[in-house]
Amino acid sequence: QVQLVESGGGLVQPGGSLRLSCDVSGFWFRAYVMSWYRQPPGKERELVAEISNIGGRTNYADSVKGRFTISRDDAKDTVYLQMNSLEPDDTAVYYCNARYRGGVWGQGTQVTVSS
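Using our numbering, the letters of the sequence shown map in sequence onto residues 68 to 182.
Incorrect hints may appear among the rest.
As the list claims (entries may be wrong) - Label-pair distances were calculated between CB atoms; the ranges are:
1. Q70 with S138: 18 to 26 Å
2. R86 with Q106: 17 to 25 Å
3. N126 with W172: 30 to 38 Å
4. D156 with G75: 15 to 23 Å
5. G109 with G170: 22 to 30 Å
For the record, the hints were derived by calculation from the structure and aren't laboratory data. Keep in mind that this is a model prediction, so the values were computed, not measured. Positions of the beta carbon are idealized from the N, C-alpha and C atoms, including for glycine.
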């Protein structure tokens, strides 16, 4: 059974940090590109960051460059999103995605940035 389980979300003040994790099972994790998306309230889902399956090449949305870092641990079948210098506009539900069989999603984790 394919599963992507996100964790690490929560409420944080502007300027703070959070680290999201996505634990994967049910397919050969290391063979697939992994991504983080987010969906702010009332808006469409958007790509935040992605990491390749070979070489660990990364790509980021312009809005998070220099603040967020995506990484993966193929030994643990886990992908991470380190988020620093968080801003209120980063408030969203964050989803993990695997480019497996057209795309598989986690259930999402809420990140709220507010004072």
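Hint by hint, here is what the structure shows:
no.	hint	verdict
1	Q70 with S138: 18 to 26 Å	holds, 20 Å
2	R86 with Q106: 17 to 25 Å	holds, 19 Å
3	N126 with W172: 30 to 38 Å	violated, 19 Å
4	D156 with G75: 15 to 23 Å	holds, 19 Å
5	G109 with G170: 22 to 30 Å	holds, 23 Å
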